[in-house]
Each structure stands twice: as C-alpha cells, then as structure tokens.
Amino acid sequence: MSRMHTPEETKAAMHEVVAEMYDRIVKGEPPTMTLPVRTKNNIGFDKKLGVYKYGKKQSIRDATSLGSAKQLLRALHVVEFIEEMLDAGKSSTLREMYYISEAWGLGKFGSQNESNNLAEDLEIVTKCLREDFKLRPEEDGARMIGNLTLRERNRRGEWMRINARDDVGDSGYGVPYNVELEKIELLEHDIDFIMAIETGGMFDRLIENGFDEDYRCGLLHLKGQPARSTRRIMKRMSEEWDLPVVVFLDGDPWSFRIFASIAYGAIKTAHISEYLATPSATYLGITADDILAYDLPSDDLSKKDVEALNAELSDPRFADSWWQEQINMMLELGKKAEQQSLAKYGLDFVTETYLPEKLAELGLA
Amino acid sequence: MSGIAQKLASNQKQVAISEFFEKNKHFLGFDSLARSLITAVKEAVDNALDACEEARILPTIKIQITKLDPKKDIIKLVVEDNGPGIPQKSIEKVFGQLLFGSRFHAIRQSRGQQGIGITGVVMYCQLTTGRTTHVRSKIATEPTAAFVDIGLDTRKNKATKANAGREIWYNEDGSSKEHGTEVTAQMKAKYQKGRQSVWQYLRMTSIVNPHAEIIFVDPEGEKHHWSRVTERLPTKVESIKPHPHGIELGQLQRMIAESNDLNLNHFLLNNFSGVTNRARKELCQAAELEGTRKMKTIKGDDIRNLLEAFQGERLFKGQPAKLLKPPTNCLSPIEEILIKKGLSKTIDSRFVTTLTRVPNVTQGNPFQVEVGLIFGGTMAGDKPVEILRFANRVPLMYQQGGCLLTKAIESVDWRQYGLEQAGGKGVPKGPAAILVHLASTNVQFTSEAKEALADNGEVMEEARKAMLEMGRGLRKHLEKKKKMAKTKEKFELINDILPAIAEKSAQLLDRPVPELAGSITKIMSAVISESTTVWNKETKMVDVDIVLFNYTSRARAYTILATWPEKSGATMESNETGGRKEALGVWAWKLEALQPGERKNITYSLRGLERGDWTDTEVLFRGSQDVIGATKMDEKFLQEIRRQEQLELDNVADEAEANNDVEQLEATPLEPVSEQHIPEPVVTPPEGQRTLFGGEN
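Those protein sequence lines, which keep their order, are chains A and B.
Read in order, the letters of the first sequence correspond to residues 1 to 365 in the working numbering.
Read in order, the letters of the second sequence correspond to residues 366 to 1062 in the working numbering.
Simulated from the structure, these hints should not be mistaken for laboratory data.
One thing to keep in mind: the hints can contain errors.
What the hints assert, rightly or not - Straight-line distance between alpha carbons at most 25 Å, and here's what the computed SDA-like set of lysine to any residue pairs gives:
| id | chain 1 | residue 1 | chain 2 | residue 2 |
| --- | --- | --- | --- | --- |
| 1 | B | K848 | A | K27 |
| 2 | B | K851 | A | K134 |
| 3 | B | K853 | A | D62 |
| 4 | B | K846 | A | T64 |
| 5 | A | K11 | B | E868 |
| 6 | B | K946 | B | T898 |
| 7 | A | K108 | B | T898 |
| 8 | A | K11 | B | T898 |
| 9 | A | K27 | B | E857 |
| 10 | A | K108 | B | Q872 |
| 11 | B | K853 | A | K134 |
| 12 | B | K853 | A | K11 |
| 13 | B | K848 | A | A19 |
| 14 | B | K853 | A | L106 |
| 15 | A | K27 | B | L881 |
| 16 | B | K845 | A | L66 |
| 17 | B | K853 | A | K40 |
| 18 | A | K40 | A | S68 |
| 19 | B | K887 | A | A19 |
| 20 | A | K11 | B | A871 |
| 21 | A | K134 | B | A871 |
| 22 | A | K27 | B | R919 |
| 23 | A | K27 | B | T898 |
| 24 | B | K845 | A | S65 |
| 25 | A | K27 | B | K847 |
| 26 | A | K108 | B | E857 |
| 27 | B | K848 | A | S68 |
| 28 | B | K847 | A | L106 |
| 29 | B | K851 | A | R61 |
| 30 | B | K846 | A | K27 |
| 31 | B | K851 | A | S65 |
| 32 | A | K304 | A | N113 |
| 33 | B | K851 | A | E188 |
Stated by the list, open to error - So, partial list: chain A residues that the calculated Cβ filter (under 10 Å) puts toward chain B:
| id | residue |
| --- | --- |
| 34 | P30 |
| 35 | K70 |
| 36 | L243 |
Here a beta-carbon is modelled for each residue, glycine too, at the ideal position from N, C-alpha and C.
Looking at chain B on its own, in the form it has when it is part of the complex (with noise of 0.2 Å):
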C-alpha cells in the first residue's frame, strides 16, 4: 500500500480530498454505492479482527446497517467489537489518519495489505454526507469508554474531531462493556444481497476466521448469526527481515542510506533473512565489495552491484550466492481442521477436505497456499462451483475471472473426480464450493483495486497441486459412498431378506425353515469393513473402531490404515491393535490371517482435538481381495504425504543451520525483530508519516 501513502502524502497540499477520493474511487474501494458499503465494514471488521488477534482476544463483532433515507441511499453503519480498545489520544490517529499503523513496515502475513484503511471511510462519510463519524472505544484498565466524532473538514483538508468526552459503556443487557471499540457512521451508500454483499463478505469473512464470532443485522432487521467453532487463536505471526531475492532497487537504496550497521559485514548479517556467515562472504564477493566497506561509502554502482548479486545475476564462483529460503513462520495458515470447521459451519453439506500445502517461497517472499471442498448437501448441482477467494484471510470478491486462484481451480480436470466440467476446462459445475487461501508476506495483486492475485507460476504450481490432491479427496468421497451403499445392501440382504426367503419358502413347502451360514458367505464372498469416529464426551477424546469383516471361504491377510490428524497436534491412545506410523497423519496395522466368518477390531482415541475437529476416519487397506468400506491404498498418494513430510523437514533444518551460522560465526548480537505484545495497546505513529491533522507528530 506504499504506493497509495506516497500518492496520499504528495497530492495531499496540491489536490483537495475530494478529488482525490474521486480521482482514486476505483481502486480505494469506493467506486459504486454498493460497494462503498462493502468497503467499510471490511476496514472496520478488518480492523478489529486485528486488533483481537494481537491482542489474543477470541472477537466478537457486531454488524448493523440501516436505511436511514432510503430514497438519497444514505445508509447507518455500526461495527462494535470486543476488541482491546483504543487509549483515548490514540482514536484520533487511527480514524484520523491515513496508512497509521504498524502494519505497513513489517514483512509478515497481514490483511492490512489491502484497504486504504478506516480513514478512508472517515473521509468518504465526510464527503458524502457531512456527517462525522462517532466512534466510542473502551480499554480494559480505564473505567469509562472514551467517545469522540472524527470529521473532516474538507476546506482546509484535515480532520476535525469534536464532542470528545467519556462514559460508562453499558452493554444491550445492562452490564458495563469492559473492553471494545464501536464505529458508528452514515454514508451514501447501497445495501444489495447476492454475491457482491456485504452479506457474502461477512459470511466468507467468517469461514476463514473460524475464532470469530459475527453477528449481523441487516437493513430489513434480519439477524444473521455466524458462530464462533474453534476456541484457537490464529497462530501469531513473527516479522521476518526481508530475504534478497525479494528486494527492490529503491528499498536496497533505502535500507543502505538509513542504516546504523559498522559495516557491509554487518548490514548484510543483521537486516535480511536467509542470509548466513557464508553467503555473506559469497554476496561480497560476487558483489565484488568489501565486506568492511564502511555503509555511507556504499552508493550509486556499489548498491546495483549488491542488488545483481541479490538476484544472482552477479556469480561467486560462477554460481549465485547460496542463500537460505526466508523462514516461513511469519505466515499464519487457518490450518486444514479449522477451515473444515469454517466451511461447515457456513454451508450445509455432506463432504468436506481441507489441504494446507507446506510453505513455499517465491521471489524471496514465504507464502502458502491452503484449498478447501465442500461437496453435497443443499447447494445447487447444476451450476458453477462457488469459488471462495482469500489473500491472508481477506476474502476477495470482484475480478474472479482474472485471478490466479481461480485460474489454478479452471487448470484442473475436475471430471476426473466427480464434477461437470465442459471440455475439462473453466470453472465445473456440480453442488461444491471450493476455497482457496494464499497466505503471503507479499500478495501481489492484478491492479490497485487488489480484488484479484497476479499471476505467479510458482504459487499457480502449488494451487494446482493442492486442488489435485483435494480432487483426488473428492473422488475417493464419492467412490466410497457408492461402496457404502453397496455394502448396506449387502447387509440388508443377507440380515433380512435371506431370512424371509428361507422362512417363506419353508412355511409354504411345509418344510423346516433351513440353516444360512452356508448361503451367506457366498452371497457376501468380501471382507468388509466399517468404522465409526465419535467424540467422546467424558473423556474429551475422539474414539475410532474399525471393524474388519472376514465373509469369504478363505483365510484373509492385511494392512489396514487409517487417516488421523497428527498434523493438528493429536495423539493416539489405547491403541490396542499396536501397529506403526506409514506416514505424517497415517497409521497402519498388520492383520494376520482372519478367518472366514472371523471379525476383527481396531480401536483407539484421539487425544488434543476439540469436538467436531475430526469426524471421519478413512480406511484404506493394502491386500489382494478388496475389502469393501476401505479404499485400497494409492501409492502416489502415500509418496506426496511423505514430500511434504520431507519439505517440512527441511525447512526447519535450515532454520535451524541458519541460527547456528550465526551463532558460530558471528559475535556481534542480533537485535530481536520480534512482535511486541499488546496487552494495552500502546499506538504510535510511524515515524515520517504525515497524517491528516496537517503532519503533526
């Protein structure tokens, strides 16, 4: 968003705001009435999801529109959140001024990339109406909630603020709120329902923050109510240094010219990520600068040399400088249970799989991609699959046709795996919805109205992979519920129809009803398996039992696996049966022999999840006769679990050989880039950054 700050902060003496918003409308969200509304609730429940979330403070935010003229379109907003508040002088910097907050300087995984802020919707309140805007916050150390109206005085360009004072915050219930923010607003704005609305935002917005409670009343006075299903926080983000292969001439330029570093040694060690004792040497050489070069001596060719060698157009020894990938724990991915939680809870179904894919990095940026399938239930079977698109946890409405993730969902043949799809191109049909989620410390985006992801070949590659691999879920889903079925009927066969058979037979020969066991091994003539996977209340755990019948004439041997969701921190428990683990989230057992007639069970209980985190259990088996109820065990799929695995693997061992170079190698400490809490929240400004009351500060 620097580039809207700088546009801000130059045009900001020449062009009045009102151009400038009109000028800008496009890109800063404001260019239809619709969408104007969409645009700020977005900023405000952006903003408070953010603040919870650093806050670690599980949100509860509350969404109200209302027609107030419904003639002029001019429309009431209230958002009230649980958040932890903001001091009283600070509500004035963060309503009232442009591109505040901390979010903007670090590299890591933020929905703050996008949006021009709550500011923005300040002024476009301003503009359209005349109207201030109120907004009412309380921390949770003060007794009183401060209120002020932030406005924006449109002659002089700066922002007004009147009617400050403070009061008791009482809840609808009587008791007094203990912390929070409310914004209350009245734009020019249009409420509309379908997939463009604020509707389908907060309702995407609620899938991939399955932590949040949201609840919203809309201008006909409906209450939509999405619930929160998981207790767990986000994991939080750390701020990493940025990696070489990510930096741009002007940033290098920057750093260099700011920097407090002794040396090029020192510069090179302290402000990037990725980069060891080694390559530093391998960087100055290739660079052909010495690493004592004192910083200010460092100009014009030297930095463009340092940048080649960045980027490895400049060789140490005809190779590129060998760098370490960026760490990848500045990314918070929703993780595969909880977006299965969030998309449950959203749309009625009978299917869902969920795929977070190992981080990956590109153009010296970490990011990670995430796919989710929801399939069945009451959505509609012969339309278009929804798409559901999100960058860092921001859900994207406009521009699907143009966007990368949509492009990597049309790159697949989803006829393989069970959905329509004309000619095995574009969008298929079927009763699905199908989630995407980039999580980047970087989201590039197609134009400034950030409505849809720029081509990328390497995040398109690991997208593809993801949605093969859910296809593949899918396919299984649905070869295994037609193998359900058979079996049922297998079952219902041979426990009531045979019987009737045989007893209405002999009653009308008048013969003795006749002996079973016989005809049923040669009607069933299969193994069977059934599971079941149930929470268990009292002891918190979840109980798998996997039955495994023997009705053919012959001694039967197998491995049977099973999925589990080691991934997410669970452990397995009285497990009898034994066994050992096949892979990251398979286990397997060897059953030996099973007689004919003979019935077998594999028993155990999850430890760590919560009720509804895990639900189904999928059998799969390695053996000859097929064994109906379990998928017989694809290799293939086995040897990407055990990739993954690998990639996991690897990307800690470099964290870790990234620490120990520079513990070995260098003596000078490292100064800490690490969050800093807020238990208070504690708001300064950025330094350099003007703001709107006239760049005071």
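Next up, chain A with everything else stripped away, as it sits in the complex (with noise of 0.2 Å):
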C-alpha cells in the first residue's frame, strides 16, 4: 500500500534513478531509466489487492535518441527542482514546473503533457506520489451534495467541518486537490450509497429533483474522467464508510473507460491503483440494452467509437462477461446515447422511473 514518504525516504529514492543513469556511463554504455511499460498489455489484476496494477514487463529509456537523452537528461533536473522544494518546504503546480523549467536549457520541457508524464514517471520508478514531490496538479476535483459531513484543514491550518448538504450552496463542496488525511477527515454521515456522475447536467438536474434527499445518497460530479482526488475521495468514502459506489455515465465506449479507471484502475496510474480504484463500484447506466429497454434517442458510433470498443475487447480490466456482452452488444446496435437522452420521456423521468428501476435491480431502492 502506497504511503506518504519523508522527505528522506523520497530523496533516497530518487537518488537511486540517478544513480543509475550515472553507473552506465561509468562502465562506458548509454545512461537509461527502467521503468514499467504503461500500456494495457502490462496491467494484471492483482488478487490481494482487488485492482489492476502494472505487471512485470519494463522498458528502458536510454539515451541513443535525442528525444529519449533529453528525457533523462529532463528527470535530472525535475530531481533537483524537487529536491529544492524539500529543502524550502515549499510546493508548486505541474504547470509552474513546466515554466521553471524554460531556465534548464536543454533539459526544458516542450509541452506541458511531458512535464505531466515525466512526474509519473518518476513516480511509478520511485513508488513515491507526486504530493511526497510537492507537485499539485492543475485539475479541480469534483463537486459533492448530500447528507454527509467531513472536516477540511483550511490554508490557515484551521480545521473546518463541512456538511455537503447544509453548508453548502447549488454547487456543492468542491473537493480539494489534496484528500489525504492530513487534510481531510470524513466525519459522518446519513446516506445508504454514493453515486457518481458523469455530466454536470445531470448532476444538477438529480439536485433540482432533490435525488439525494429522496433516495439518500451522496451525489458526486465526475467531470468527464475524474482526476486523481476525486476518484481518491471516493475510495476513501467507499472504505472507510463502507457504503456501495454506483457510477452513471453515457452509454458509449469512452464511459466504460471511465468506469474502469474508477473500479479497477486507469492505466496511466496503474502503479497507484490500490490508492485510487474502488473495486466494489458498480456501472448502473446507461448500458447498451438500456438503449433498446427504454428505445433511448441515440447517435451512430463513429469510427472511433468502433476502435475503442475494440480496443476494450482485449482490455483485461473488461474481461468478465458481463461488460464482453456489454461491448458486443453496443458494436451490434452501432449506437451510442448520452445521459440526458431520457429527457425524451420528460425531465423527471430519470428521477422517478429510470434510476429507481436500476437502483431495484441492485437492491438499492
């Protein structure tokens, strides 16, 4: 299990990457960094854990190209940048990093995706996290409504206690990039289970219909792929309250994704997952025989669509049945439909019919 590291421990281990780059010039070879291949051919299931995590294929990054030698020559000096904030106590954005690094000469970054990248890198090689970096990233975190209380230590270090129904406003309690312990306890709570959503459209409309209040639940804004905090926050609520996660997204192949990355674990941080996943989520909607059972308006799947979901077919996090019934059912309709495609049958519908009826089928309502 992943654990904050002091700054002792994260610089040792950093150390050791360099050292590594230096003791094959020393014998006379290209200087490289080993690391784990992050593609969905390297993640198994890990059995204790209950997520996917990489497995045990590496690749090595050495310096015969240019663009492979810049890369190692940029780790160095992301190693000294965080090596500087440890010994300042001090924190800074990926974004700002990137900027700072417009002084390291041929070591500077040429878009802000490597910089990102090579942050994860460095922590997947380290098995550090980039808050033991002090490296923030720039997304928000998702929104939150319902009947559920927590206490936040604000930036003056004073703690604030927070009912994510009373306390705030239509927008909910907007989750810090930081949900650790140190900066977030979850106190309370009166809800049965925690529902995140895809849209933010829909999220309002089930606050509008006052969905939390009816059916006791949390309700959490996911915002497309949820970052790191979200999806750690709903780890957390999930194991320390022990309540049942249900996801409702779009009916289309990127949502299964999204559903994946939050159950099993993504495969950009698969060296992470038992940190962020939430192995007992569960996908309620919408599904492909929710397309045809409520004969929902829907769009042809593009070609992209099409490859995705191929894709998902040799995707071991999508190997059980149900989700390979799911997938070959949704290439046999062709289509794809949105979340709020159940307004056709009245803004209500989704409130009163449809997610009561999925909710049945698990025992939820």
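Taking the hints as your guide, dock the two standalone chains into a single complex.
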C-alpha cells in the first residue's frame, strides 16, 4: 500500500534513478532509466488488492535517441527541482514546474504534457506519490452534494467542519486536490450509497429534483475522466464508511473507460491503483441494453468509437462476461446514447422511473 | 511555319489583311485580347534574344506595358534590347515583311520556328488601333540611331513607312546607347496576371535564358527584374543538312529541281547528312537508279523510288540502306547547370535537380530532352506541381493537358519519389515545379497554334527516362534530408545532452563527472559523413570537403564516391586522396581501415566553374555498414550514366566516321555549311519571298 514518504525517503528513492544513469556512463554504456511498460498489455489483476496493477514488463529508456536522452536530462532536472522544494518546504503545480523548466536549457520541457508524464514516470520508478514530490495537479476535483460531513484543514491550518448538504450552495462541496488525512477527515454521514455522475447537466438535474434526499445518497460530479483526488475521495468514502458506489455515465465506449479507471484502476496510474480505485463500484448505466429497453434517442458509433470498443474487448479490465456482452451488444447496435437522452420522457423520468428501476435491480431502492 | 508563309503569300492578293487576320487569329496567337499582348511581347523578345545570340551579345531586355485607355483596352508596349541593331535600310524589311529572316530555311534549332514574327504585331497594331509601330535601332558602327514608323495600308494591303530619320539615342542616364533596337507599339489588348500572362511568359523565358537580363515594368508601375546569372551565351548552333529519314516528297522534289549537282551521286553526298559513300551506293541500288544520272533526268517515279529508299521501304540486299545518324551539334541545350541557375533565381526552393539527356534522333531529326525539378521552399504543398514547358527555349503556355511533355510527366509514378499523386497518375501534387525542354530541329506541334507538342514515341521515352532519373534524385534528396536531420540529432545528443546528463547526475550524487568516450561510441554506433561544397572567392574554385567519422567499435573500409560537374567542363585539383574516375561525373576513393574513433577527410577543388554553378556534392558509398550522411551506391544509377556516356561517345565516333568517309572517298570538295558570323548584321531577304511592300526586292 502506498503511503506518504518522508523527504529523506523521497530523496533516497530519487537518487536510485540518478545512480542508474551515472553507473551506466561509468561502465561506458548509454545512460538509462528503467520503468514499467505503461500499456494495457502490461496490467494484471492483483488479487490481494482487488485492482489492476502494472505487470513485470519493463521498458528501458536509453540515451541512444535524442528524444530519450532529453527525457533523461529532464528527469535529472526534475529531481534537482524536487530536492530544492523539499529542502525549502515549498510546493508547486505541474504547470509551474513546466514554466520553471524554461530555465533548464537543454533540459526544458517541450510541452506541459511532457512534464506531467515525467512526474508520473518518477512516481512509478520511485514508488513515491507526487504529493511526496510536492507537485500539485492543475486539475480541480469533483463537486459533492449529500448529507455527509467532513473536516477540511483550510489554508490557515484551521480545521473546518462542512456538511455537504447544509453548508454548501447549489454547486456543492468542491473536493480539493489533496484529500489525504493531513487535509481531510471523514466524520459522519446519513446516506445509503454514493452515486458518481459523468455530466454536470445530469448532476444538476438530480439536485434540482431532490434526488439525494429522496434516495438518501451522496452525489458526486466526475467531470468526465475523474481527477486523482476525485477517485481517491470516492475510495476513502467507500472504504471508511463502507458505502456502495454506483456510477451513472453516458452509454458510450469512453464512459466504459471512465468506469474501468474508477473501479479497477487507470492504465496511466496503475502504479497507484490500490490507492485510487474503488473495486466495489457498480456500473449503473447507461448500458447498451438500456438503449433498447428504454428506446433512447441515440447516435451512430463513429469510427473512433468502434476502435475504442474493439480495444476494450482485449483490455483485461473488461474481460468478464458482463462487460464482453455489453461491448459486443453496443457494437452490434452500432449506437451510443447520452445520459440526458432520458429527457425524451420528461425532466422527471430519470429520477422517477429510470434510476429507481436501475437501483432496485441492485437492491438500493 | 512555311504553311503560314504560303498561305499568306497566296491569299495576299485576294483577301484583305484584316480578313486574313480574323480568319487565322487563333493560330497567329491573336485570338484573345490577353493572348495578343503575350504574343506581341513574345515576338519582340524572341527577336531580341535571337539577334543577341547570333551577335554573341549578352542580352538586356526591357519591357514596359502601359494602359493608355483602360476603357477601350488600349495598351502601349515598349521593348528595348541591347542587340546588334538593324541597319536603317533593313528595318522596314524586318518589320514590314512577313516571315522574313534566314531562320526559316536553315535546319537547326531556333526560337523562330514558332510565331508569325514581329510583322504580325505591326499588322495587329494597325488593325486594332490604326496606329503605326515606331522602331528605333542603332548599330555599333554608326554614330546615330535610325527611326521610322512602320504601318500598314489596309486598303492597298501594303506596308507603309513614315517619319524616317536619325537621332542620337540617349540612355536613361544620359549616356548614348551603343547598339540596340526599340519597338514602341499601340494595340488593343488586355493585361492579365496569373499562369497565362506576360509576367509568366517573361519569367519562363528568364528560366531558360539565364544569360539574359530581363526587366519588366507592368501597367501598375511595378518593376520585375530577372537578373543575369551567367555570362555564358548559349552554344552557337550549326546548321545541318537534312537527313534522308526526315524528308518529305515535296521537299525532295524541290531539292532535286533546284539542284546544281553534277549527278545523283553528288546530289546525295552534298545535300544530306548521314549519307556516307557506302550509304550513297546502297541508296542508289535500293532505288534502282544509276548514281551517274543527271539530276534533270530524275523525275516522277524516280523521285518516289528514291524517297522509298530513304525511308527503308526499298531495300539494299534485303536491308534498308545503312545511314549514319544526323549530327547533333545543331542543337543548343540549355545545359544542366544553367537550368539549375535559371530555376533557382526564379523560384525560391530548397532543392534543384536538372538533367540533360544525350541527343537522340527521331525521323531524321535530332532532338534532345532536358528536365529540371525544383522542390520545397515557399511553394504550395497541396497544389498540383507547376509545369514549365519549353520547345527550343520558347515557353509553351497554353494547352498544357494535350502536350506530349505534360503526358511524359503524367506517365511517371511520382509517389515513389516523394510527391503526392492520386492513383500514381496525372500531374503530381507537392511543393515542386517540373521543367521540360525539348530542343529539336523540327518541333512537331499538335496544331498550328503551336502550344502543345504532338505525340512521338521516341521523344516521350526520352522525356520519361529523364523524369525517372530526376525522380530518383528527388527521392535521394528527401532521404538524405531525413538522414541529415538524424545525424544532426545524434551530434546534439553526444555533444550537448550526454555531457549534461553526466554532469547533472554526478552533481546530484556528489560524485566525480564520468568519462564519456565509451558511451559515445555505443550511442552513435555508426559511420558518419559530412560534406561541404563552397565557393572560394580567392582561387575562383569550388572547394569540396568530405569528412568520414567512424563512431563504431570496429575498423571499417569503404569506397566513397562523389558527384562533380565533369560534363560542364570542370576539372578536379588538389585532390590529395587520389582515387579514380568511376563514371562521367562520379569520382571514387578507396578508404582502407578507418579505425574506431578515427576521422578522414577527402578534399579537392573544382576549377572552371562560376560562383553558384555547383553548390551541392552528392556523397555515395560502397561498403557493408551504413554511412549516415551518404547514399548507398545504386549500381543502376551508375549503369545509366555509363550508358549515356557511351551514347555520347558513339555520336562522336559516328561523326568522325562520317567525316573520314567523305574525305577519303570524295574528291569533290563539299561546300561548307556553317552559320555566318554576324558582327554587324547584314540582312537580306530570302529569295522568292514576297513582302508586304508589294513584292519588290
């Protein structure tokens, strides 16, 4: 299980990466950085943790091409930068680091994406978290509404007690980027389950219809592919309060991927799956059979959609028979549908008919 | 053009000139107001270029177009050259006489095979505006210039002259002009921009006449300047006698009728190229004619029999009479280096390749194909490539689709050479322009409009081969570019990035900076070549430096080859590494055992070139391990060079044989057929040709 590391532990772990490069040069070889292959071909189910983790396949980034060599040099600059922050007790955002790299000469980043990826690379190789590195993401977390109470330490260092129904406005409680114990404590709740919702439109519809109170649940807006902190707080609520999590998404291949990253772990962050994934989460809808059963307005699958579905068929996270059936059914239908297509039957249909029926299947309503 | 000549002559009495123009304007080049202007410019510029070429003067030509009355499309055209000038008494002949000039009779490559001539312009001006054409001309040996207004009396169908006189001709800077001609004409015409415009015509003319300086002031007052990029004038072309394979019945009849030769033997030997004494005998026997027959007695069927013998339809001992090929010194190709310069000065680009094929013969007519390809730079990448077609240095601007030269381009699958082309057919797309030039003593057009070349298997094949070879050049260039980029990256890696990694990692670990040599060899793991080709101002030579680095862990041996402009007469100097000639324009050096970490330089200088003639040396290699920065020798490429070289030698040998033959076997001295050198032009009208001045002379 991942945990926060002390600055000394973090530095030592980073020095191992530096030493790999140094030692190779001393031996008269091109310097290298060894890291796990980060594709679906190298993730496997960890029975003990109940999530998908990287397998044993390693890729070696060696300095025989200009691109890789620059990556190695950048990694060294990042290590130096993190050491400086650790020593000074500061933190920075990934975007700030990207701009700071302007001063690194040959080691500067070409794009923000490169700096994000490199931070992840370092996490993976050192088994530290980016919180250990004092690097913050730009991404903002989710919004939450429901009768649950937590304690957040504000920027003055004071603990604030917040009830996510009574103490917030219509936009709900905003989840901060750091949701670890040092920042957030989960206090108490009076709900039966947590529902994660893909789109803001649907989240707002359920709030307006008072769904959270009628069905005693916490509503969480994912904002598309959920940020790390969103996934992390879902996991904490699920584990610490022992609550079921249901996930309500569009009915398309990309939503399937979102669910997989919530329940089984994302391929990009498989090194910390046990820390982010909620294995008990259930996919509520929209399923491929919903499109038929509810006769939902639908769009044709695009070429990219079909490619994505086919890729999912060979993704180990979708290997079980229920998913294989859903994916094949969608391919056969050649259709996809949005959450909000339920509005075909009126604004209340989703809260009065669709969700109650779906939740009843799970024994939650 | 003799078709038009005859038509004009025979029609002249019955048909009014205005009517003649109206009926034939489509092939006279006056079918639209826009084209009429181009034709007028073309006639004047062609005359200027031809006159300068004959007098061995580097041409400077100024063209100015002004809109006099935009509503009525009245335009004033002034064309001034620095040619030899025209003696006063000849001005009216040149400008008032149709199809005047020696070029219609000599068999050699000339611009003037196309177009009606400057007289057509005078006629057009008179007919559309009623105005005369003002001509001013000065020859070097006279102190003043002569001027005269040439016009046309449309009722009497006669040329008129007025206001003749003499004056001192001052240049813009106040100095007096030494020699040259200036034509000022007013006509109904339209100035247009774009692909079919005066601008495009002059731009194309400038590409194939790199020795000319052309200045064009358009109606908006904008000055376009195409500068001279070489001091070299086109080679002087020799006239040749007709070859039996290219003779038609009418021509043969006329030649026999006009012959002053003693007998058939002499007639054959004196009047044709490619006819040796042996061939003469074979022809006579095939035609079943006695060689001693007097020319007057050869009539009717005799002539037909002789023609059949010429064409190989009547045989000698079961074989067609064996003729030599016609000599090819009657052609004046632009030459690779000059096409390159012409293209480069006109179009901004990254890469130019040009190719001049060895002359060939079709139907008794020598011809030669030249091609050029220019790639990259600021040209649009998503449009069809620009096609620049030329026949005997004259731009072809209309009927692109129906032209043999276009078809030759379309017949090549350009995709394999790095251009886009839908289905491997049609005009390719990409940031490129393709030039095709056909030089020939007899250019065959699809129609009288003379804008598209007619189909001809042999010309097509030559053009196609030239394109393929050029395509290979383009592909090599693109591959080389990729490789060079890779090499540059590798050097950045070992020179900049690797030392930085070593330093930074040492600093973070607080350990000493490690030695890099071992890592460098492992990273490069290649042999790398770099070459520079630069003009040396002091020695007036091109200095070439080829470097080879061995960044592998083993010793390597290679043969390094380099291209050089041997064809253009360059010589190689200070070549310390020695080596040997591999083929025409390809030199080879054998390098034994290049040790790991070792570098070797090959340096030499090229004499006999001008600045900008040779800017890129292609480095090739033979050897097992790849050399980054050099191309693996394609033996097919070498074979083609050798084949062309052999052809060239054969041509020379043929000519030598022909000369020997004649000298040994024929006592009768042959009349030399050579071009008259014209320091001061002497202009005489051809015999029997009518003029617009009512047939005097």
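**Request:** Sort out whether A:R61 lies within 25 Å of B:K851, counting only the CA atoms.
**Result:** With Cα atoms ~18 Å apart, B:K851 and A:R61 stay inside 25 Å; holds.
**Request:** For the pair supplied as a hint, B:K853 and A:K11, confirm whether the alpha-carbon distance does not exceed 25 Å.
**Result:** violated, 36 Å
**Request:** Could you grab the alpha-carbon distance between B:K851 and A:S65 and see if it respects the 25 Å cut-off?
**Result:** holds, 9 Å
**25 Å Cα cutoff - pair B:K845, A:L66** = holds, 19 Å
**Holds or violated: A:K108 to B:Q872, with C-alpha atoms at most 25 Å apart** = holds, 18 Å
**Item:** Proposed proximity, A:E188 with B:K851 (alpha carbon, max 25 Å)
**Value:** Outside the cut-off at roughly 62 Å; violated.
**Item:** Pairwise hint evaluation, B:E857 against A:K27, where the allowed Cα distance is 25 Å at most
**Value:** Holds - the C-alpha atoms of B:E857 and A:K27 are around 22 Å apart, at most 25 Å.
**Asked** When you check the alpha-carbon spacing of B:K848 and A:K27, does it fall within 25 Å?
**Response** violated, 29 Å
**Item:** Restraint check for A:K27 with B:R919, where alpha carbons must lie at most 25 Å apart
**Value:** holds, 19 Å
**Prompt:** Holds or violated: A:K11 with B:T898, Cα cutoff 25 Å?
**Reply:** This hinted pair is violated, its Cα atoms lying about 53 Å apart.
**Prompt:** Between A:K27 and B:T898, is the straight-line Cα distance small enough, at 25 Å or below?
**Reply:** Roughly 40 Å separates the two Cα atoms, so the pair is violated.
**Prompt:** Does the alpha-carbon distance linking A:K304 and A:N113 stay inside the 25 Å limit?
**Reply:** holds, 22 Å
Hints 1, 2, 7, 8, 11, 12, 13, 17, 23, 25, 30, 33 and 36 from the earlier list are contradicted by this structure; the remaining hints agree with it.
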